[in-house]
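Go by the hints and put chain B onto chain A.
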Amino acid sequence: MAMFDYTFMQRALWAGVLIGSIAPVIGVYLMLRRQALMADTLSHVSLAGVALGAVMGWNPAMAGFGAAILGGLLIEQLRRSYRAYSEMPVAIVMTSGLALAVVLMGLRSSLSQSFSSYLFGSIVAVSDTQLGLMAGVALVGAVYFTVLRRPLYSLTFDEETARIGGIPVRWLSLSFAVFTGMAVAAAIPVVGVLLVSSLIVLPASLALRLARGFAAAIAISIAAGLTGIFSGLTASYYLDMPPGGTIALILLLLLLIGISVQKVRSGLVRRNGRSVNRVARSNAEFMKRPAKEGENLSME
Amino acid sequence: MILSRMENVVFGYEDKPVIDGVSLDIDVGEFVGITGPNGAAKTTLLKLLLGLLKPWSGSVSINEEVLVEGRLNVGYVPQQVAAFNSGFPSRVLELVKSGCYPRLGLFRRFGPEEKQLVERSLKQVGMWEHRHRKIGELSGGQKQRICIARALAGQPGVLVLDEPTTGMDRQSRQGFYQLMRHMADQHGLTVIMVTHGPEETETYLDRLVSLEQQESEEWQCLTTRSCSVRYGPVC
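Top to bottom, those sequences are chains A and B. Letter by letter, the first sequence follows residues 1 to 300 in full-length UniProt numbering. Letter by letter, the second sequence follows residues 1 to 235 in full-length UniProt numbering.
Pulled out of the complex, with its shape left as it was, chain A reads as follows (with noise of 0.2 Å):
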């Protein structure tokens, strides 16, 4: 394809690749653990931290990289505090961020401008840094969720149950928060800190509607966002369309065709399910009525 002459396009593809077949895997164990708005609150926590590196001349990246692992471990560390209240951390935390992030701006009003490719991503200007975090990340996640696939189901499943089978949840959940994190953190460049969560919870809805397995919904959230990134790039490319909010359209997109797809299945199965049970009532009917004369009603 003509658009990946250019160098900056592969490495837009390149950072694609690389955050579409790990974002959508933690938005799958996200949903099942009911956290789905995590992602958006470890971007805010994110922003925070960026902003912080501004102020204090730091990196910016490392340091929303850094900041979004604390979050993780914070919401974690509140989950456990308020047991009861399973959004209240994400609620506590996010919001802490967002002031946080605000307040740090106001400081350095020069540099509010530059914040504005961390709000609304920009996939076509990711830096060596940050393709090199992606690939980091990308690779801590395929290990991570690949050696852990088996505790992670038991603790997604039930964590009291997980708990009681010698499975070390405490752990278990703040590596997760920490890796998603780091996940979050480096996927703000592809659609920024504004539409982070898009790349997590959408393609994990798609999957979490159609699988039937949990290797097929952890295979089919992959698929939907590699395919939304790769379409979001092309149609940004060729339409001249911001690339962040085109691949959150597309991937909005496909979780509605899949939506719309499955109800058309289903009704179909209960309009077949109809006229299997119409045929199954006429046989009993017409078993049940007086035999004519000559006739033999058994099924032999």
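Honestly, the hints are just simulated from the structure, not real lab data. Be aware that a few hints might be false.
What the hints assert, rightly or not - Computed list of lysine to any residue pairs in SDA-like fashion (alpha-carbon distance at most 20 Å, straight line): (1) B:Lys123 x B:Arg71; (2) A:Lys263 x B:Arg133; (3) B:Lys47 x A:Arg170; (4) B:Lys123 x B:Arg170; (5) B:Lys134 x A:Arg33; (6) B:Lys16 x A:Arg33; (7) B:Lys123 x B:Gln174; (8) B:Lys134 x A:Val269; (9) B:Lys54 x A:Arg33; (10) B:Lys54 x A:Arg80; (11) B:Lys47 x B:Glu163; (12) B:Lys47 x B:Gly87.
In this text the structure is predicted, and so the values were computed from the model without any measurement.
Relative to chain A, chain B alone:
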């Protein structure tokens, strides 16, 4: 042989004790029922027995002879599994297979022995024919049965069941109690079960532990009642 010993255990939530001075021994190969009205801290007692909650005072100890690789191999079936409400994407077979994960660890492959365990446990609870169905499509009673099959697939030394027959019809409940009796008698499995229907289970249980409320409104031990002639008169 004693499997677990609880001595003078006091435990509560926030500042309020809910269990006060409970002492209870569980023997290996025993089928024990725990009963009491709603809010009698039956599940709390189970969690204390399993070491999931730390008592405010008193002690809970597990016989070291029954530990495998330093831990008690417990098969647990909770009262409610939250995953069932969230449309957890799994087929019956996949879920029951996950019962073997603790014995397989991170890397050991799923072998013929595990395959046999999964098949046997699914057949024991009468769910083998449903093995390819998605768990979200099952009824409440069927979901409960696959959770029991999952626990059995792990070949536990102790099976802990928190109101396991919720949602099951009468025939399935009787079949389930018979299975637990068989597992205790023939395989030496210790079964601890929270139950709301003691009159229905008495025929099968070795002992029924009843939580009763004191005048101070704390739930205290317990009348333990032997249900089987093998254990002699009522204690």
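Evaluated hints:
| no. | hint | result |
| --- | --- | --- |
| 1 | B:Lys123 x B:Arg71 | 28 Å, violated |
| 2 | A:Lys263 x B:Arg133 | 19 Å, holds |
| 3 | B:Lys47 x A:Arg170 | 17 Å, holds |
| 4 | B:Lys123 x B:Arg170 | 19 Å, holds |
| 5 | B:Lys134 x A:Arg33 | 19 Å, holds |
| 6 | B:Lys16 x A:Arg33 | 30 Å, violated |
| 7 | B:Lys123 x B:Gln174 | 16 Å, holds |
| 8 | B:Lys134 x A:Val269 | 16 Å, holds |
| 9 | B:Lys54 x A:Arg33 | 26 Å, violated |
| 10 | B:Lys54 x A:Arg80 | 16 Å, holds |
| 11 | B:Lys47 x B:Glu163 | 14 Å, holds |
| 12 | B:Lys47 x B:Gly87 | 27 Å, violated |
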